[in-house]
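*Asks:* Let the hints inform the model, and build the full structure from the sequences given.
Read off the chains here:
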Amino acid sequence: MLRSSSRLTRRHVLAAAGATASALAMPNIVRAADPKLRVGALLPLTGDLALWGVPGKNGADVWAARTNKAGGIVVDGVRHEVEVVAFDGAYIAEKTLQGARSFIDQDVKYTMVIGGDDWSALQDFSNRNKVLTSTLYVTDLNPDAKYLLAPVEVHPLYFGCGAEYLRKVEPKVKSVALCAQDDLTGRVALAYWRAGFDAHNFDIVKDEYFDLATTDFAPVVSSLLASKPEAVCLDTAYPSFALLLVEQLYIQGFKGRILHAGLELLPDMVKRTSVEFMEGAITFFPRFDDPAISTSAVGFPDATGFYQDVEKTYPGGWNNTSWEFPACLEVWKRAVEAANTTEPDALLASMKANPPEHMFGPAKWWGEDLFGSNNALVGAWPIVVVKGGKVDIVQMSNQAAWYEAHRDFVIKRFEEEQLMPNQRR
Amino acid sequence: MRPRSISTGVAIVLIAAAVLLPLVAGDYFTAFGTEIAITVLMLSSYRIIVLTGEWSFAHVVLQGVGAYTAAILVKDLGWPFPATLAAGAAMSALVAAILSYPLLRMKGFYFLMGSFAAAEAIRLLWRKIPFFGGTRGLSNIPAPYLELGGVSIDFGHTTNYFYLTLTVVICCLLLMWWMEQARIGGIWRAIQQQDVLAQSIGIESRTYRRLAFVIAAAFAGIAGVLLAYAFGSVTANRFSLNFALYLMIWSIVGGTRTFYGVVLGGVVLMVFDESLRFAEELRPGVYGLILIAVMLFFPQGLERLLAPIVGGPTKAPRRDVVPSTRSENA
Amino acid sequence: MQILIDTLLNSAMASAATALVAIGLALVFGVMRVENFAHGELYMVGAYVTWYVSTDLQLTYFSALVCAVLFTALIGAVMEVALFRRLRSNPVGCLIVTIGVLLVLQTAAVWFAGINRTLLVESPFPGALRVSSFALPWHRLFVIVAAIVLMLALTWLLRRTMFGWAVRAMAQDREAASLQGISIGKISIAAMMLSAGLAGAAGGLMAPIVRISPFMGQPVIITAFIVIIMGGLGSVEGAIIASILYSTFFTFVSTYIDSTVAAIAGLCIMLAVLIFMPSGLMGRTEKV
Numbered sequence: 000m001l002r003s004s005s006r007l008t009r010r011h012v013l014a015a016a017g018a019t020a021s022a023l024a025m026p027n028i029v030r031a032a033d034p035k036l037r038v039g040a041l042l043p044l045t046g047d048l049a050l051w052g053v054p055g056k057n058g059a060d061v062w063a064a065r066t067n068k069a070g071g072i073v074v075d076g077v078r079h080e081v082e083v084v085a086f087d088g089a090y091i092a093e094k095t096l097q098g099a100r101s102f103i104d105q106d107v108k109y110t111m112v113i114g115g116d117d118w119s120a121l122q123d124f125s126n127r128n129k130v131l132t133s134t135l136y137v138t139d140l141n142p143d144a145k146y147l148l149a150p151v152e153v154h155p156l157y158f159g160c161g162a163e164y165l166r167k168v169e170p171k172v173k174s175v176a177l178c179a180q181d182d183l184t185g186r187v188a189l190a191y192w193r194a195g196f197d198a199h200n201f202d203i204v205k206d207e208y209f210d211l212a213t214t215d216f217a218p219v220v221s222s223l224l225a226s227k228p229e230a231v232c233l234d235t236a237y238p239s240f241a242l243l244l245v246e247q248l249y250i251q252g253f254k255g256r257i258l259h260a261g262l263e264l265l266p267d268m269v270k271r272t273s274v275e276f277m278e279g280a281i282t283f284f285p286r287f288d289d290p291a292i293s294t295s296a297v298g299f300p301d302a303t304g305f306y307q308d309v310e311k312t313y314p315g316g317w318n319n320t321s322w323e324f325p326a327c328l329e330v331w332k333r334a335v336e337a338a339n340t341t342e343p344d345a346l347l348a349s350m351k352a353n354p355p356e357h358m359f360g361p362a363k364w365w366g367e368d369l370f371g372s373n374n375a376l377v378g379a380w381p382i383v384v385v386k387g388g389k390v391d392i393v394q395m396s397n398q399a400a401w402y403e404a405h406r407d408f409v410i411k412r413f414e415e416e417q418l419m420p421n422q423r424r
Numbered sequence: 000m001r002p003r004s005i006s007t008g009v010a011i012v013l014i015a016a017a018v019l020l021p022l023v024a025g026d027y028f029t030a031f032g033t034e035i036a037i038t039v040l041m042l043s044s045y046r047i048i049v050l051t052g053e054w055s056f057a058h059v060v061l062q063g064v065g066a067y068t069a070a071i072l073v074k075d076l077g078w079p080f081p082a083t084l085a086a087g088a089a090m091s092a093l094v095a096a097i098l099s100y101p102l103l104r105m106k107g108f109y110f111l112m113g114s115f116a117a118a119e120a121i122r123l124l125w126r127k128i129p130f131f132g133g134t135r136g137l138s139n140i141p142a143p144y145l146e147l148g149g150v151s152i153d154f155g156h157t158t159n160y161f162y163l164t165l166t167v168v169i170c171c172l173l174l175m176w177w178m179e180q181a182r183i184g185g186i187w188r189a190i191q192q193q194d195v196l197a198q199s200i201g202i203e204s205r206t207y208r209r210l211a212f213v214i215a216a217a218f219a220g221i222a223g224v225l226l227a228y229a230f231g232s233v234t235a236n237r238f239s240l241n242f243a244l245y246l247m248i249w250s251i252v253g254g255t256r257t258f259y260g261v262v263l264g265g266v267v268l269m270v271f272d273e274s275l276r277f278a279e280e281l282r283p284g285v286y287g288l289i290l291i292a293v294m295l296f297f298p299q300g301l302e303r304l305l306a307p308i309v310g311g312p313t314k315a316p317r318r319d320v321v322p323s324t325r326s327e328n329a
Numbered sequence: 000m001q002i003l004i005d006t007l008l009n010s011a012m013a014s015a016a017t018a019l020v021a022i023g024l025a026l027v028f029g030v031m032r033v034e035n036f037a038h039g040e041l042y043m044v045g046a047y048v049t050w051y052v053s054t055d056l057q058l059t060y061f062s063a064l065v066c067a068v069l070f071t072a073l074i075g076a077v078m079e080v081a082l083f084r085r086l087r088s089n090p091v092g093c094l095i096v097t098i099g100v101l102l103v104l105q106t107a108a109v110w111f112a113g114i115n116r117t118l119l120v121e122s123p124f125p126g127a128l129r130v131s132s133f134a135l136p137w138h139r140l141f142v143i144v145a146a147i148v149l150m151l152a153l154t155w156l157l158r159r160t161m162f163g164w165a166v167r168a169m170a171q172d173r174e175a176a177s178l179q180g181i182s183i184g185k186i187s188i189a190a191m192m193l194s195a196g197l198a199g200a201a202g203g204l205m206a207p208i209v210r211i212s213p214f215m216g217q218p219v220i221i222t223a224f225i226v227i228i229m230g231g232l233g234s235v236e237g238a239i240i241a242s243i244l245y246s247t248f249f250t251f252v253s254t255y256i257d258s259t260v261a262a263i264a265g266l267c268i269m270l271a272v273l274i275f276m277p278s279g280l281m282g283r284t285e286k287v
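Listed in order, the protein sequences are those of chains A, B and C.
For the first sequence, the residue numbers in numbering that gives the first Met the number 0 are 0 to 424.
For the second sequence, the residue numbers in numbering that gives the first Met the number 0 are 0 to 329.
For the third sequence, the residue numbers in numbering that gives the first Met the number 0 are 0 to 287.
To list a few chain A residues with every Cβ distance to chain B over 12 Å, as calculated:
#1 Asp368
#2 Arg406
#3 Arg412
As a list, the in silico DSBU-like pairs of lysine-lysine whose alpha-carbon atoms are at most 35 Å apart:
#4 Lys205(A) x Lys127(B)
#5 Lys145(A) x Lys127(B)
#6 Lys127(B) x Lys411(A)
#7 Lys411(A) x Lys74(B)
#8 Lys351(A) x Lys74(B)
#9 Lys74(B) x Lys127(B)
#10 Lys389(A) x Lys171(A)
#11 Lys145(A) x Lys74(B)
#12 Lys227(A) x Lys127(B)
#13 Lys74(B) x Lys129(A)
#14 Lys127(B) x Lys173(A)
#15 Lys173(A) x Lys386(A)
#16 Lys127(B) x Lys254(A)
#17 Lys363(A) x Lys389(A)
Calculated directly from the structure, the hints in this document are not laboratory data.
If you're wondering where the values come from, they're calculated on a predicted model, not measured in any experiment.
Where is the CB? At the ideal position from N, CA and C, for every residue including glycine.
*Replies:* Next up, the structure:
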């Protein structure tokens with residue numbers, strides 16, 4: 000696309016604003032001729048999902064500071080500092096699209112979104128303008144999304160291994176109950192869990208979605224427990240929902256394992272329930288205050304030091320997204336240094352030829368069978384279990400292998416929820 | 000110079016500025032211009048309802064009806080852009096006509112809450128029914144494409160789509176302006192000011208209120224169609240109560256007394272909103288403070304400040320400019 | 000059987016929680032004809048104050064609860080004096096400024112405690128009452144009892160005191176009340192403080208059992224509006240009865256069917272009430 004430099008772009012306006020009002024400390028100020036490489040955090044910074052967006056942006060800032068201290072990013076022998084620019088997409092499609100446009104004006108090389116609603120309006124724009132984007136939702140991938148990557152988390156692929164692990168540790172458990180909020184996040188997660196439960200001979204005795212506006216979870220849990228499940232899966236209920244669901248499970252006398260992707264609010268869950276109640280809950284995100292994290296998160300430089308820096312800069316603000324977005328950046332950094340370019344097409348080609356190392360070790364490009372696109376960087380993913388009120392990694396699992404062994408179950412359950420690429424409306 | 004000619008002049012300057020926008024601004028501001036144009040259409044159609052003395056929470060969902068209609072027709076049946084535009088307007092008008100039977104039995108606050116209940120129920124059904132794409136909504140809506148005698152225009156380009164939107168919106172604004180000048184506009188005003196009086200001189204107020212509600216919905220439907228193409232996707236979340244609240248806030252802060260006020264108000268507010276971006280998480284609070292300040296110091300909206308320039312009605316301002324929400328029930 | 004009794008217990012809890020918020024909203028509408036959209040945020044502020052006083056200041060839960068009531072009542076008084084009083088002739092203006100207040104309070108909470116902090120309030124009544132296989136946590140029982148006490152106290156205040164007489168007179172006809180020598184200004188401040196204080200109390204009571212977030216008031220206010228419309232706008236008794244009916248209905252539908260269906264059904268009920276029974280369960284027919 001032709002862009003004459005005499006045109007007024009967001010960058011010029013921001014620069015002009017910065018000259019006149021530098022005291023305002025605008026975060027997006029950009030100087031025209033600096034050699035910095037810019038990456039964009041297109042995340043919800045206001046509203047309910049700011050709970051994921053703000054820690055993600057903060058984590059990315061800390062990552063950039065640490066990367067710059069360690070020498071920045073080297074492209075063709077030239078050192079570049081990296082800078083994170085943020086735009087509040089509010090998890091609304093059109094605001095996100097607006098943000099993507101502003102990133103073009105700011106010459107952003109790589110954009111991060113959560114995935115789901117915010118990606119839906121971005122796809123066409125991303126193709127037209129070659130906006131290299133990372134998502135945390137592997138289900139955003141489709142044959143037409145040429146510049147979309149799922150470089151770190153491939154939610155919900157780890158759930159299959161979760162079901163396998165549950166079968167391994169609980170050989171006698173038969174009945175499971177499932178619930179999640181009624182949106183894409185919930186439906187994708189439960190569809191994959193169902194396939195996992197089918198594959199490992201569990202009976203789904205109750206399966207329900209609750210409305211996003213739900214405040215009182217007592218009725219939801221009552222109807223779950225009425226079916227007498229031996230394990231309850233809450234994927235992927237948003238963190239605040241999960242806390243209230245867990246509390247209700249405790250109050251209403253549930254005894255058994257709880258399954259949830261993040262258990263983001265585990266310390267609160269333990270306070271509201273008990274150490275014994277949470278014991279054995281299966282989840283998929285390790286904690287970073289565990290000194291052993293550096294040995295499992297091999298694709299991330301000094302995970303422990305990173306965690307400490309985030310805690311120092313943003314006390315109490317740590318969240319799983321605090322490392323996931325930095326991990327997306329790390330994959331990109333490695334790919335850029337290997338390809339010696341940030342140009343999307345060349346970078347993609349080089350990445351595809353030599354898959355960069357994933358957060359949890361070696362990985363391959365994958366996804367063609369299920370999504371019609373091989374843009375998911377799938378490697379090992381930890382299975383994590385609550386022990387004494389804290390989480391510990393119990394094993395690393397191979398997500399792609401699980402899928403290949405049980406693909407028919409997944410496809411059946413995905414078709415049921417109309418999640419296959421050819422069913423997308 | 001007469002006020003009329005001044006305001007015509009202002010209108011020409013505004014349109015000229017809009018036409019020149021893509022030539023001086025980058026894609027970001029051009030796309031932003033498209034959003035402003037759609038918002039202006041929403042605000043000025045909302046004003047038709049406000050003219051009859053009611054505030055509605057359903058307007059944004061009626062916009063959604065247009066958006067969903069267009070998205071389904073173009074994706075499933077491959078209808079061309081003009082056909083979806085007409086269908087979107089018609090479908091919104093139809094839904095509004097059906098809703099108007101229960102809703103127009105209410106007034107004031109009851110109407111406000113009734114419109115919320117009906118609209119929110121429709122919105123939840125979109126999320127619930129797979130035909131409407133469920134919670135994911137509908138995406139990959141192809142951009143309009145014109146192929147005429149060797150000339151082909153791809154409206155997927157920001158600038159082209161901006162001109163298309165601008166053309167549609169200006170046509171709609173002219174149509175609304177013309178309606179307001181005609182007898183029906185006077186009747187709407189009469190209904191707002193004195194319902195009983197209007198009836199006593201033989202105006203069947205409910206019929207005209209219904210007409211206003213349906214016409215406004217048709218324009219909202221057009222705004223919805225434009226929105227669907229602009230973003231290539233439609234999700235139910237885009238039509239939630241929050242957006243209805245903001246529409247109401249903007250029309251009040253901008254002012255609804257004059258036709259120009261609402262257009263200028265929309266432009267000023269969108270630009271202002273964008274310039275607040277630096278405040279990030281604190282943005283809603285800044286908004287709240289402005290809202291309170293405007294209500295306290297400029298209860299007739301910011302258009303009062305602009306009135307001397309564009310020459311709105313020069314009559315003495317009415318005391319009860321904003322229609323009452325007393326809990327009256329017809 | 001288990002599920003039926005569980006659902007009844009859940010309904011009792013939901014009714015108490017809804018009623019606590021709805022009565023304040025009904026009161027202030029009855030007296031001042033103001034639809035206070037910021038009422039849910041006053042509830043949120045009550046929870047935040049309770050958290051702040053009981054954790055950062057390390058006072059007891061009950062003193063925190065008192066602080067929450069006082070603080071929200073103060074906000075209520077400020078809203079009345081600084082905003083509603085100046086917009087008396089402009090009812091839509093009042094509605095709009097409450098939306099402004101809503102945004103300001105939400106942002107203040109984000110600014111004050113951050114968006115991602117987890118705020119936990121310890122209940123003074125840990126543990127649960129257990130009878131065979133049923134469990135009712137003591138704090139929930141405490142909320143139900145406190146709600147009943149507060150509602151009885153409010154009903155007594157409105158029915159048996161001079162203040163209540165003045166409030167009812169104002170609700171019926173403001174001008175006539177003014178001619179009777181009732182000070183509109185004083186009664187309005189008192190009603191607004193009482194209403195806001197009730198919201199604060201509700202927030203403080205619920206603080207140990209809900210997740211405290213800047214946006215916690217939003218879903219609550221919608222339910223509260225549905226309930227006061229069902230009960231008859233401005234009728235406190237109507238709001239109480241409607242809270243019980245609506246919450247029980249909602250709890251049963253979400254348990255036995257699904258909560259989106261319950262939400263849609265709730266909206267349809269509100270619409271039906273507006274169409275067929277515009278004065279609600281207990282409201283007076285309004286004159287035009």
